[in-house]
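Going down the list, the protein sequences come from chains A and B.
Numbering-wise (the working numbering), the first sequence opens with residue 12 and increments by one.
Numbering-wise (the working numbering), the second sequence opens with residue 6 and increments by one.
Honestly, I wouldn't trust all of these hints.
[What the hints assert, rightly or not] Covered stretches of chain A (in silico footprint by chain B; criterion: 3 or more residues with CB under 8 Å from a CB of chain B, positions within the stretch not fixed):
1. 19 to 31
2. 135 to 145
[To be verified] Away from chain A, derived, C-beta distances all over 12 Å, residues of chain B:
3. Q76
4. L104
5. D144
6. R159
7. D334
8. R348
9. P355
No wet-lab data here; the hints were simulated from the structure.
All C-beta atoms in this analysis are idealised placements derived from N, C-alpha and C, irrespective of residue type, glycine included.
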Amino acid sequence: MNAHQSVSIVMIEDDEGHARLIEKNIRRAGIMNEIRHFTDGTTALDYIFNDAGGPQRNGPALVLLDLNLPDMSGTDILQKIKSSDGPVKRTPVVVLTTTDDSREIQRCYDLGANVYITKPVNYENFAQAIRQLGLFLSVIQVPDLEER
Amino acid sequence: MAPAAPSLLAIRDGAIGRRLTVFMALGFLALIGAGIAAAWVTSENQRHTRWVAHTYQVENSILNSRRLLEQGETARRGFLLAPGDRRFLDAYYTIADDLDPQLRRLERLTSDNPVQARLFARLYQRVSALAERRSRTVDLIDAGRIDQAVAAFRADSEAGRMREIRGIFDAMSQEERRLLDLRDAELNASEQWFYIVLGIAALLLAAVAAIAWVTISTYTRDLSHSRDQLSQLNESLEEIVADRTSDLTRANDEIQRFAYIVSHDLRSPLVNVMGFTAELEAASERLGGLIDRAAGEAPGLVTEEERLAAREDLPEAIGFIRTSTQKMDRLINAILQLSRQGRRVLAPEPIDLAQLVDNLRNTLSHRLDEAEAVLEAEGTLPSIVTDRFSIDQIVSNLVDNAIKYLKPGVPGRIVVRGWQTGTRVTIEVADNGRGIAPSDHQRVFDLFRRSGPQDRPGEGIGLATVRALVFRLGGTIEVASTLGEGATFRLNLPATLDMQDRTE
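Work the whole structure out from these sequences, hints included.
Have a look at this one:
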């Protein structure tokens, strides 16, 4: 990912604190990519599909998705991304949420989630998990959205 | 429906019973009356028959006497006409001999009636007088003094003695007839009375029968009516039970969902609190280092207060926040776990309890050794068909608790035993540990509640989980214990967990 500096991270997380902690720990893992943070589904979807700087129109991206959002369920966003026609559907989606219900996890993978991570409540574990996610992000290849 | 039930079902048993008793009594009285009347009429009849016979006897006696008297007269006349013929004389004497007994009989028969007695007295007097004259006439004839005898006979005839005697006889007969008529009338009257009594009794019986029939049919109608109501109530009761059950199931689901959502949503802010506490800790560590350096390099710059704030107050505050949030995390996890267990689908299968205890002994061997305790199964454990995960959790939680709260200095002995009673299985987990005060026997099963000295780690979750699991398996749990003398947890579970009964 470091090779493609243009890969931006779209973080959809309604809890400001969680978002801050996630960002901090990703940065600590050495990921310096741009992180766009959205606290609700509507603006996030608008950015992904319509914004000039969004993944649909401009370059590859990676989505960090919380399932508990105020205006819609994270699975709705996941479904919209994975069932879209454009390049966005190849965008990797990492579901990062407190929900550890097995049915929910299954559903997310069925809908095309690439990774499902449960936020550990214990902060040390949480920080560690996020840092490992950062390390993971640093090695995974994101499809170049320009190549249609 | 329900409030109307008591009045509908209140059949007037007492009133019905009393009424029926009264009717029965009346009916019997009527029957007894009819019986008495019949007996009375029969006795009257007998009496009358006796009197009729008596009348005929009297009449017979009168006729006999009269006949003998007439025959005596005829014999006298015959002898008078043919004085030489001794046959007349013999016949006369025979008749005269017969007459007296006959008259005595008549006297006897009529002695009860003063009128007849008087008539008889007159008759007897006349007859005696006549007999005397006849005897004299006959004696005169016998002596050959025919003329004198004829004169005496003529005098007798002229005096009309025979006529008078015949008249008395007629009077006596009439008197007897009159009495017979009187008795006939009496009999008729008594028969009439009998029919009247019989009629009244029949009417009374008919009335009693009618009223009893009405009463019984009313009672029967009431009964069948209340039976219908009862069956209706029964049906609606089943509906009500089904309704309540589904209500309860819904409420239970709601609680489960609520617990799940609440505990879940509580986790989010807790992540922040813990996360930023960690950040704070890291930051305060760095700040502490700065203070230390500053104190070392420029002692006048840092006051003792500032040093204490950075080095002691901040870490202390952070420490309390940490332990509190950790505890809260454990509590939330406990609720989450309970709610998750409530949502778990149960899968009944045959369980070998002895095997289960063996496994548990292996799993807990380290802790058992540490506590110098033994875990053993006593006797043959019953077979049970239930959810493996749940029963495993229940028994291991109980044994775990027993190990946790052993009496210091006493070698622990934890016994699992069980038996089957009908369709239920009882399992006991008994220990010789510190025991539970009776006042806490209910409390220990509540979530986050603990008993006795709080010298062991724990949140008061184990027994709450156990109770929730036992309830889900359709069972009950109770504890018998005296403080200081160990505790016995007794489970009562269905021998076979029937999933159809569990509407969850």
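Results of checking the hints against the structure:
1. With 3 residues having a beta carbon nearer than 8 Å to a beta carbon of chain B, the stretch 19 to 31 of chain A meets the requirement of three or more and the stated coverage holds.
2. Counting residues of the stretch 135 to 145 of chain A whose C-beta lies closer than 8 Å to any C-beta of chain B gives 3; at least three are required, and the coverage claim holds.
3. At the 12 Å boundary, the C-beta of B:Q76 stays outside the reach of chain A, the nearest C-beta of that chain being 143 Å off.
4. With a closest Cβ-Cβ approach of about 141 Å to chain A, B:L104 is found to remain outside the 12 Å limit, as its non-interface label requires.
5. Against chain A, the non-interface label of B:D144 holds: every CB pair exceeds 12 Å, the least being about 158 Å.
6. Distance check for B:R159 against chain A: the nearest CB is about 159 Å away, which clears 12 Å, and the non-interface claim stands.
7. Not every beta carbon of chain A lies more than 12 Å from that of B:D334, the smallest distance being close to 5 Å; the non-interface claim is violated.
8. The Cβ of B:R348 does not lie farther than 12 Å from every Cβ of chain A; its closest approach is about 9 Å, which violates its non-interface assignment.
9. Every CB of chain A is more than 12 Å from the CB of B:P355 (nearest about 26 Å), matching its label as outside the interface.
In this structure, the hints that do not hold are numbers 7, 8, in rising order.
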